[in-house]
Structures are given as structure tokens and as C-alpha cells.
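The listed protein sequences derive, respectively, from chains A and B.
Using the working numbering, you'd call the opening residue of the first sequence number 1 and step up by one each time.
Using the working numbering, you'd call the opening residue of the second sequence number 112 and step up by one each time.
Think of the hints as simulated: they come from the structure by calculation, not from any bench.
Don't take every hint at face value.
Calculated cross-link-like contacts (lysine-lysine; reagent style BS3-like; alpha-carbon spacing at most 27 Å) [as the list claims (entries may be wrong)]:
{"id": "1", "chain 1": "B", "residue 1": "Lys149", "chain 2": "A", "residue 2": "Lys2"}
{"id": "2", "chain 1": "B", "residue 1": "Lys133", "chain 2": "A", "residue 2": "Lys67"}
{"id": "3", "chain 1": "A", "residue 1": "Lys110", "chain 2": "B", "residue 2": "Lys164"}
{"id": "4", "chain 1": "B", "residue 1": "Lys120", "chain 2": "B", "residue 2": "Lys133"}
{"id": "5", "chain 1": "B", "residue 1": "Lys130", "chain 2": "B", "residue 2": "Lys120"}
{"id": "6", "chain 1": "B", "residue 1": "Lys120", "chain 2": "A", "residue 2": "Lys98"}
{"id": "7", "chain 1": "B", "residue 1": "Lys130", "chain 2": "B", "residue 2": "Lys164"}
{"id": "8", "chain 1": "A", "residue 1": "Lys98", "chain 2": "B", "residue 2": "Lys151"}
{"id": "9", "chain 1": "A", "residue 1": "Lys70", "chain 2": "B", "residue 2": "Lys120"}
{"id": "10", "chain 1": "B", "residue 1": "Lys129", "chain 2": "B", "residue 2": "Lys164"}
{"id": "11", "chain 1": "B", "residue 1": "Lys120", "chain 2": "B", "residue 2": "Lys152"}
{"id": "12", "chain 1": "A", "residue 1": "Lys98", "chain 2": "B", "residue 2": "Lys164"}
{"id": "13", "chain 1": "A", "residue 1": "Lys2", "chain 2": "A", "residue 2": "Lys110"}
{"id": "14", "chain 1": "A", "residue 1": "Lys110", "chain 2": "A", "residue 2": "Lys67"}
{"id": "15", "chain 1": "A", "residue 1": "Lys67", "chain 2": "B", "residue 2": "Lys130"}
{"id": "16", "chain 1": "B", "residue 1": "Lys151", "chain 2": "A", "residue 2": "Lys2"}
{"id": "17", "chain 1": "B", "residue 1": "Lys129", "chain 2": "A", "residue 2": "Lys2"}
{"id": "18", "chain 1": "A", "residue 1": "Lys42", "chain 2": "B", "residue 2": "Lys149"}
{"id": "19", "chain 1": "B", "residue 1": "Lys133", "chain 2": "A", "residue 2": "Lys42"}
{"id": "20", "chain 1": "B", "residue 1": "Lys151", "chain 2": "A", "residue 2": "Lys42"}
{"id": "21", "chain 1": "A", "residue 1": "Lys110", "chain 2": "B", "residue 2": "Lys133"}
{"id": "22", "chain 1": "B", "residue 1": "Lys164", "chain 2": "B", "residue 2": "Lys151"}
{"id": "23", "chain 1": "B", "residue 1": "Lys129", "chain 2": "A", "residue 2": "Lys70"}
{"id": "24", "chain 1": "A", "residue 1": "Lys42", "chain 2": "B", "residue 2": "Lys130"}
{"id": "25", "chain 1": "B", "residue 1": "Lys130", "chain 2": "A", "residue 2": "Lys70"}
{"id": "26", "chain 1": "B", "residue 1": "Lys152", "chain 2": "A", "residue 2": "Lys110"}
{"id": "27", "chain 1": "B", "residue 1": "Lys120", "chain 2": "A", "residue 2": "Lys2"}
{"id": "28", "chain 1": "B", "residue 1": "Lys164", "chain 2": "B", "residue 2": "Lys133"}
{"id": "29", "chain 1": "B", "residue 1": "Lys133", "chain 2": "A", "residue 2": "Lys56"}
{"id": "30", "chain 1": "A", "residue 1": "Lys110", "chain 2": "B", "residue 2": "Lys151"}
Residues per chain are reported as follows:
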Amino acid sequence: QKEVEQDPGPLSVPEGAIVSLNCTYSNSAFQYFMWYRQYSRKGPELLMYTYSSGNKEDGRFTAQVDKSSKYISLFIRDSQPSDSATYLCAMNPTNAGKSTFGDGTTLTVKP
Amino acid sequence: DTEVTQTPKHLVMGMTNKKSLKCEQHMGHRAMYWYKQKAKKPPELMFVYSYEKLSINESVPSRFSPECPNSSLLNLHLHALQPEDSALYLCASSRSGDTDTQYFGPGTRLTVL
Numbered sequence: 001q002k003e004v005e006q007d008p009g010p011l012s013v014p015e016g017a018i019v020s021l022n023c024t025y026s027n028s029a030f031q032y033f034m035w036y037r038q039y040s041r042k043g044p045e046l047l048m049y050t051y052s053s054g055n056k057e058d059g060r061f062t063a064q065v066d067k068s069s070k071y072i073s074l075f076i077r078d079s080q081p082s083d084s085a086t087y088l089c090a091m092n093p094t095n096a097g098k099s100t101f102g103d104g105t106t107l108t109v110k111p
Numbered sequence: 112d113t114e115v116t117q118t119p120k121h122l123v124m125g126m127t128n129k130k131s132l133k134c135e136q137h138m139g140h141r142a143m144y145w146y147k148q149k150a151k152k153p154p155e156l157m158f159v160y161s162y163e164k165l166s167i168n169e170s171v172p173s174r175f176s177p178e179c180p181n182s183s184l185l186n187l188h189l190h191a192l193q194p195e196d197s198a199l200y201l202c203a204s205s206r207s208g209d210t211d212t213q214y215f216g217p218g219t220r221l222t223v224l
């Protein structure tokens with residue numbers, strides 16, 4: 001079983017829809033949770049960074065962490081065609097430089 | 112400057128060639144990383160340098176040789192690669208080798224013929 005499981009997608013939504021991207025994990029040592037956005041043939045770009053449980057909002061993006069359920073989500077409101085990309089969740093335990101990534105979910109937002 | 116730069120953007124090499132990938136950051140970060148990413152897969156960690164010392168080597172074949180000449184630069188020397196080594200090679204940096212988030216460069220698209 002993988003340490004991090006990400007909803008595989010692909011996901012296709014109309015412009016303006018609310019998008020929910022999700023990851024579950026098994027390692028209770030994970031404390032830091034990241035979402036990256038990766039456009040085709042580009043490097044991953046850090047989108048959201050959350051420590052421990054709770055919500056964090058940045059514009060149209062909300063990251064949610066539920067450590068009791070070992071479940072994290074990224075919500076995108078009012079989705080735009082420019083949001084079309086692969087979204088990767090990643091997480092770190094404390095005192096370690098190695099991130100564990102999910103396999104990514106490819107999102108297409110249709111105009 | 113919040114950018115990690117990588118050169119070259121694209122590289123095509125034969126199995127007998129020797130080439131190097133370069134990565135640079137000027138954010139004062141003290142940890143730098145090499146990842147390999149195949150199509151439709153997440154990045155796979157190869158090496159981590161922390162304070163210019165190799166701290167993690169994820170059992171990478173010796174045909175990949177990392178080098179960290181100083182805190183801003185990271186190289187990956189390539190020799191006798193195989194076609195299955197074709198991938199996007201990503202460099203990243205973070206403030207330290209601890210739990211700080213990593214910032215990725217755009218990658219080098221490597222094709223081995």
C-alpha cells in the first residue's frame with residue numbers, strides 16, 4: 001500500500017465549477033502538507049502549504065487537512081481554464097527533507 | 112529572487128556521452144534536491160544536499176553523479192545513460208533540509224538515444 005493515495009482522475013469540469021482534489025495517507029508522522037500545480041512539461045509550482053490540521057485559504061484556493069482521518073483536500077472555487085494542470089499533493093514528517101508525493105490528478109477546466 | 116533555474120531546458124544524448132545538468136538558486140536556501148519525473152508520474156527523489164553535503168542518495172545508479180560546488184549551485188553529471196533514463200529532471204531547493212517547503216525549477220527534459 002502506498003503511503004499517499006491521490007484520487008487519480010482525470011477530472012473534467014466546466015468553467016466556474018468548484019473542484020475538489022483529495023489525498024489520503026497512512027503515515028501519522030506527516031505534519032506538513034503541500035499542494036503543487038504542474039503544467040504540462042513544467043516543474044511543479046507550490047500552491048498551498050499547511051501545517052497540521054485545519055483550513056488555509058488563498059484567493060480561490062482552500063487547503064483542508066484532517067489529521068484524524070488522514071485526509072487532505074484542495075478546493076478550487078470559480079475554476080478557470082488556466083487552472084487546467086496536474087495537481088500533486090505532497091507531505092513531510094517532521095525533521096526530514098524528503099517529501100512523499102501523491103501520483104497527481106489531472107484537471108481540465110472547459111470554457 | 113524566488114526562482115530556481117535549470118540548464119539546459121532540453122538535452123538529447125547518446126548512451127556513450129557525458130553531459131551535465133545545472134541548477135542554481137539565489138534564495139539563500141541550504142538544501143537542494145534532484146528529482147526524476149517520468150510522464151504522468153510524481154517526482155521521484157534522487158539526491159538531497161544539505162549545507163553542501165550529500166545527505167540522501169535514494170539508491171541511484173552510479174551513472175548519475177551529483178555535485179554541489181557551493182550553496183547556490185547543484186550539478187548532475189551524466190555518463191553512460193540508458194534510454195529508460197529519459198525523463199524530466201527537476202531541481203528543487205528549500206531553506207534547510209528540514210520540513211521547509213521545496214521550490215522547483217522548470218526541469219531539464221532529457222532524451223537518451
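Hint-by-hint comparison with the structure:
1. B/Lys149 with A/Lys2: 18 Å, holds
2. B/Lys133 with A/Lys67: 38 Å, violated
3. A/Lys110 with B/Lys164: 46 Å, violated
4. B/Lys120 with B/Lys133: 10 Å, holds
5. B/Lys130 with B/Lys120: 13 Å, holds
6. B/Lys120 with A/Lys98: The given pair, whose Cα atoms are some 25 Å apart, holds under the 27 Å limit.
7. B/Lys130 with B/Lys164: 22 Å, holds
8. A/Lys98 with B/Lys151: OK: A/Lys98 and B/Lys151 at ~20 Å, within 27 Å.
9. A/Lys70 with B/Lys120: Between A/Lys70 and B/Lys120 the Cα gap is close to 38 Å, so the pair fails against 27 Å, i.e. violated.
10. B/Lys129 with B/Lys164: This hinted pair holds, its Cα atoms lying about 23 Å apart.
11. B/Lys120 with B/Lys152: Since the Cα atoms of B/Lys120 and B/Lys152 sit roughly 19 Å apart, the hinted pair holds (cutoff 27 Å).
12. A/Lys98 with B/Lys164: Satisfied, since the Cα-Cα distance of roughly 15 Å is no more than 27 Å.
13. A/Lys2 with A/Lys110: Roughly 32 Å between the alpha carbons, so the hint for A/Lys2 and A/Lys110 is violated.
14. A/Lys110 with A/Lys67: 33 Å, violated
15. A/Lys67 with B/Lys130: This hinted pair is violated, its Cα atoms lying about 44 Å apart.
16. B/Lys151 with A/Lys2: 17 Å, holds
17. B/Lys129 with A/Lys2: 35 Å, violated
18. A/Lys42 with B/Lys149: With a Cα-Cα distance of about 12 Å, the restraint between A/Lys42 and B/Lys149 holds, given a limit of 27 Å.
19. B/Lys133 with A/Lys42: 16 Å, holds
20. B/Lys151 with A/Lys42: OK: B/Lys151 and A/Lys42 at ~12 Å, within 27 Å.
21. A/Lys110 with B/Lys133: Distance ~37 Å between A/Lys110 and B/Lys133 Cα, so the pair is violated.
22. B/Lys164 with B/Lys151: Violated, at about 31 Å.
23. B/Lys129 with A/Lys70: This hinted pair is violated, its Cα atoms lying about 45 Å apart.
24. A/Lys42 with B/Lys130: Cα-Cα ~21 Å, so holds.
25. B/Lys130 with A/Lys70: 43 Å, violated
26. B/Lys152 with A/Lys110: At roughly 23 Å apart (the allowed maximum being 27 Å), A/Lys110 and B/Lys152 satisfy the hint.
27. B/Lys120 with A/Lys2: Given pair B/Lys120, A/Lys2 is violated - Cα atoms ~32 Å apart, limit 27 Å.
28. B/Lys164 with B/Lys133: Judged against 27 Å, a Cα distance of about 17 Å means the pair holds.
29. B/Lys133 with A/Lys56: Measuring from Cα to Cα gives roughly 35 Å; hence the hint is violated.
30. A/Lys110 with B/Lys151: 21 Å, holds
The structure is inconsistent with the numbered hints 2, 3, 9, 13, 14, 15, 17, 21, 22, 23, 25, 27, 29, although it conforms to all the rest.
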